[in-house]
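Engineer: Residues per chain, in single letters:
Number of protein chains: 2
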Amino acid sequence: MAGTYQESWKEPFLSPPRFEVTRSAKRLAELAKSATNLSVSGVVTEERIASMQSRGAGLTMLYGFQRVDQEILRELQALAEERQVVPQMQALFAGRSVNFIEGFDSERRAALHPATRDVFEQAITSDLSARRVVEEELQKLRTFFGEIGNSYDTMLFIGIGGSELGPHAIADALTCYNLPSRKVHYIGNIDPDEMTAALRGTDLRKTLVAIVSKSGSTLETATNEARARQAFQTAGLDPKQHFIAVTSPKTPMDDLSRYRAVFHLFDFVGGRFSSTSVVGGVLICFLAGATTFFEFLDGANQMDRLALRLDIRDNLPLLLALLSVWNRNFLGFPTVAVIPYSQALRRFPAHLQQCEMESNGKSVDRYGRRIPYPTAPVLWGEPGTNAQHSFFQLLHQGTDVVPVEFIGFKDSQYGEDCMYNGTSSQDKLLSNLFAQALALALGHDNENPNKYFSGNRPSTLILGQKLDAKTLGALLALYENKIAFEGFLWGINSFDQEGVQLGKGLAEQLIAVCRARREGREDLSASAVGRRLLDIVEDIGSAHGIVPKSR
Amino acid sequence: MAGTYQESWKEPFLSPPRFEVTRSAKRLAELAKSATNLSVSGVVTEERIASMQSRGAGLTMLYGFQRVDQEILRELQALAEERQVVPQMQALFAGRSVNFIEGFDSERRAALHPATRDVFEQAITSDLSARRVVEEELQKLRTFFGEIGNSYDTMLFIGIGGSELGPHAIADALTCYNLPSRKVHYIGNIDPDEMTAALRGTDLRKTLVAIVSKSGSTLETATNEARARQAFQTAGLDPKQHFIAVTSPKTPMDDLSRYRAVFHLFDFVGGRFSSTSVVGGVLICFLAGATTFFEFLDGANQMDRLALRLDIRDNLPLLLALLSVWNRNFLGFPTVAVIPYSQALRRFPAHLQQCEMESNGKSVDRYGRRIPYPTAPVLWGEPGTNAQHSFFQLLHQGTDVVPVEFIGFKDSQYGEDCMYNGTSSQDKLLSNLFAQALALALGHDNENPNKYFSGNRPSTLILGQKLDAKTLGALLALYENKIAFEGFLWGINSFDQEGVQLGKGLAEQLIAVCRARREGREDLSASAVGRRLLDIVEDIGSAHGIVPKSR
Chain A
3 MAGTYQESWK EPFLSPPRFE VTRSAKRLAE LAKSATNLSV SGVVTEERIA
53 SMQSRGAGLT MLYGFQRVDQ EILRELQALA EERQVVPQMQ ALFAGRSVNF
103 IEGFDSERRA ALHPATRDVF EQAITSDLSA RRVVEEELQK LRTFFGEIGN
153 SYDTMLFIGI GGSELGPHAI ADALTCYNLP SRKVHYIGNI DPDEMTAALR
203 GTDLRKTLVA IVSKSGSTLE TATNEARARQ AFQTAGLDPK QHFIAVTSPK
253 TPMDDLSRYR AVFHLFDFVG GRFSSTSVVG GVLICFLAGA TTFFEFLDGA
303 NQMDRLALRL DIRDNLPLLL ALLSVWNRNF LGFPTVAVIP YSQALRRFPA
353 HLQQCEMESN GKSVDRYGRR IPYPTAPVLW GEPGTNAQHS FFQLLHQGTD
403 VVPVEFIGFK DSQYGEDCMY NGTSSQDKLL SNLFAQALAL ALGHDNENPN
453 KYFSGNRPST LILGQKLDAK TLGALLALYE NKIAFEGFLW GINSFDQEGV
503 QLGKGLAEQL IAVCRARREG REDLSASAVG RRLLDIVEDI GSAHGIVPKS
553 R
Chain B
3 MAGTYQESWK EPFLSPPRFE VTRSAKRLAE LAKSATNLSV SGVVTEERIA
53 SMQSRGAGLT MLYGFQRVDQ EILRELQALA EERQVVPQMQ ALFAGRSVNF
103 IEGFDSERRA ALHPATRDVF EQAITSDLSA RRVVEEELQK LRTFFGEIGN
153 SYDTMLFIGI GGSELGPHAI ADALTCYNLP SRKVHYIGNI DPDEMTAALR
203 GTDLRKTLVA IVSKSGSTLE TATNEARARQ AFQTAGLDPK QHFIAVTSPK
253 TPMDDLSRYR AVFHLFDFVG GRFSSTSVVG GVLICFLAGA TTFFEFLDGA
303 NQMDRLALRL DIRDNLPLLL ALLSVWNRNF LGFPTVAVIP YSQALRRFPA
353 HLQQCEMESN GKSVDRYGRR IPYPTAPVLW GEPGTNAQHS FFQLLHQGTD
403 VVPVEFIGFK DSQYGEDCMY NGTSSQDKLL SNLFAQALAL ALGHDNENPN
453 KYFSGNRPST LILGQKLDAK TLGALLALYE NKIAFEGFLW GINSFDQEGV
503 QLGKGLAEQL IAVCRARREG REDLSASAVG RRLLDIVEDI GSAHGIVPKS
553 R
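Residue numbers (my numbering), protein chains in the order written: chain A, 3 to 553; chain B, 3 to 553.
In short, the hints are calculated from the structure, not lab data. There could be a bad hint or two in this list.
No copy labels: a pair is met if it fits in one copy or bridges any two.
[As the list claims (entries may be wrong)] Computed list of lysine to any residue pairs in SDA-like fashion (alpha-carbon distance at most 20 Å, straight line):
#, residue 1, residue 2
1, 252, 263
2, 185, 174
3, 185, 153
4, 506, 422
5, 142, 291
6, 506, 426
7, 412, 514
8, 185, 156
9, 412, 541
10, 468, 300
11, 412, 520
12, 412, 518
13, 12, 310
Take the sequences, apply the hints, and build the full model.
Structural biologist: As structure tokens, then:
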């Protein structure tokens, strides 16, 4: 389908009516005033739950606990069509430059992360050169990790943001499939204590260090690399034998004289969408082997195939995006909680938080016009059942409504369990997940106002058989494509991150002041307020009488 | 001060005017319409930043990046007085039954967690029997951990929610101070994979297992304990020699025939406020020793002393609470992000998330009346600088404003650093923290709308010299007391959690169905919808053709 896409490729991005003036958005705003009330007796029936489900790529999505009915679903379908979001997705899969703002300087790049896993069956991405370099890098991964065998048992994975959150989340999720005694320390923060803690108790002789930076010049990563190299040299080891680089071609890190191997990222893959690229690849191939990594890619590719379907009931990512937009723009809920009932997914919400909020936390549209409706919600979450004993009080009885996306699996990963009081822990885990969705939706009346539950609080359930590598790939791609669809619906560019530049520039000024002070010079490049902040922190020790002022 | 408190103790809770009808709240609502705009040139000056700071218990709080001026601060002071929040805090310190809803069945307990650290200088809590039992338990901790010496190097810490999040967060924060080769695995989740992963590679002979449950009957904890006992028995070890209990007197776990030691929690300490009790005690004493634990208590006690001050500029927790209420109720921001620039505090936001949202995610007041204003915001966060490369895009350019509480320290914990390009990593860390606060407040104009920053986004900076045990105690108590003050301002009971009961009951019904199905019986205690959900998940394997239907 994507392969036959030939027309002026910007059209689906620029020609559709603006989100707020689409016929369907106006109609949805009307429908929202009398949206399905889940707490009314007889609304949430077993027929409703059974019929409101979509399946694909190994995942089952239940949306009968959302405040929608058939009419609202039809209007959501219409919204997807009016906003031409599937054609936009086709343009993405075709490798078009979807990362742009019309009429202004912008990155003008493709966002072809689906190509990083389009190495199975018939291709669905249509940029042959992208697929070729992807396959080359995958071959390099296989070869390298085959060659090194068991020379290393520990990896220091040095990267931050898009170079860390996704890979970290997926590696945690797949720990069950690790090769014997493989382990990893993640170092992202410029905070020196993180590196100190990681170096303690690590046998550097058996350690492989992966430096991951798309630009090859990320402040935190470059600093931490310098410190790691010092540590190896101090230990009498040659960094070149232990360090590998993951970076774009031609960056300062693309240098085989300094690294044992260099794996290439390409500018058609954004950092937060790089989990299925060599960024995730070096980590998962090291920890769990290349076969597991390819299973993961396979699952993601399966889900990508669904993202090109036109009917929202067959297109899980689009349906999830539309339900998100329904909750955010029409029902007015400012946040969304993702609650995996799986301890292995403990870092998955933090990855989605980045992916959603960095992609869609924007205020201007494709023409650079200020947007009059809310875009990305705050996405947050922790695993259940733990979260039930933490913030679920607010989800049930707080003054704000928080829609929830529950994730759960029929089987445990290790298959080891404990029968206690006649049921397994897995039975109890799933029972708790379902009970929370029911309690949020139905509520409960009580004469004691403190034991009253209003109900009518929506959720979606995303279920799989087991959290294996393939299912994890599908789950990741479900959310990656969902996030892209949200951006297409809202008419924003989900693929840049100009909002991080201002702080970066101001930090450089303050760092210049620190450098000058250490050298006994004065530097006025930072503002007076910034310099005063540095004075205040410098005074903290002396103010408390613990450490003399050192400047 | 608290000791002389004699009057009808409920008065400060019940007699003040309701939050929304206080004179000061009405005035603040007016002032909010023209609240300080931080992005206007000349507003954020170095004088403003330097003067808007409060210090105490080793912490410095800068609030010049909040959208307040002297008039607003005076009205916030007036709001604190109209709502009688310091007298309410005095009642809490006096050990009064502050956990109540007037006119309805409620828990009617004290919330005397400050007593768990009131073991220094002159006492500030006035319940002698509470202080006596606290001192007894602290003595038991010292004795026990002295006696066991180095018999164990690993702890399995089995507890959930209030019995896990706080202790986990503080233990992570103090890893730097751990005794040699001490380590811990946390098991909270009913998810069987968490326990399986923890048991792999753990030498049970050197393992101490702490079972932590205030009620002695928490589903997850009881299940995980049963499985851990099986593992010890299978390994030919006597659980009694390895298991210790932390529970209330007279629960099923208060049984020295089954545990090597039992440490007592009391009903005057809520789970989410139990970090300074024996719950945190068994963990920190094991990992870092009793001296470190007492330093932590000392810091918390120092901060508690400030919480009884009347002037909001001297009362850091109250000031933080008032700024939170200002942002939530008058400026209308639905969430707050806590961003520690310290990797050691990586789990601290998750603990605060529980503490805030379980305490104040409520919709009824002290009289059980429905509340017409928002209460607890969604509190969330991840460490900086990592978060800058994640969701900060949305903080700077999203359509919603998210107030931020930054936490930072002058010195690193380990004192090991790396000079790179003329500055240390700690220099870079703090420069980044300050740069973010500046960027959020000031914004930046640009002809390219995609590079435009509106600014006027508020933050508070909480700074200390070094994250040692004492400073961590002060930081924890800052937030514990802040959360209590918010509840006092909103007129709610922050100390119960009735909102978790409905889901718990529904889960028990579904678990009963699972049990019956495993025994070949039918059980109809759960609703038809609930049973259908169990059918759907059971069908998942067969629907995907992987596993035959087993029922």
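Engineer: Against each hint, give a clear statement of whether it holds in the structure.
Structural biologist: For each hint, the structure was consulted:
| no. | hint | in the structure |
| --- | --- | --- |
| 1 | 252 with 263 | within (14 Å within a copy, 62 Å between copies) |
| 2 | 185 with 174 | both (11 Å within a copy, 19 Å between copies) |
| 3 | 185 with 153 | within (13 Å within a copy, 26 Å between copies) |
| 4 | 506 with 422 | between (53 Å within a copy, 17 Å between copies) |
| 5 | 142 with 291 | within (13 Å within a copy, 49 Å between copies) |
| 6 | 506 with 426 | between (50 Å within a copy, 17 Å between copies) |
| 7 | 412 with 514 | between (54 Å within a copy, 17 Å between copies) |
| 8 | 185 with 156 | both (5 Å within a copy, 18 Å between copies) |
| 9 | 412 with 541 | between (56 Å within a copy, 9 Å between copies) |
| 10 | 468 with 300 | within (15 Å within a copy, 47 Å between copies) |
| 11 | 412 with 520 | between (58 Å within a copy, 15 Å between copies) |
| 12 | 412 with 518 | between (59 Å within a copy, 18 Å between copies) |
| 13 | 12 with 310 | within (17 Å within a copy, 63 Å between copies) |
Figure legend: structure checked against the earlier numbered hints; every hint is met.
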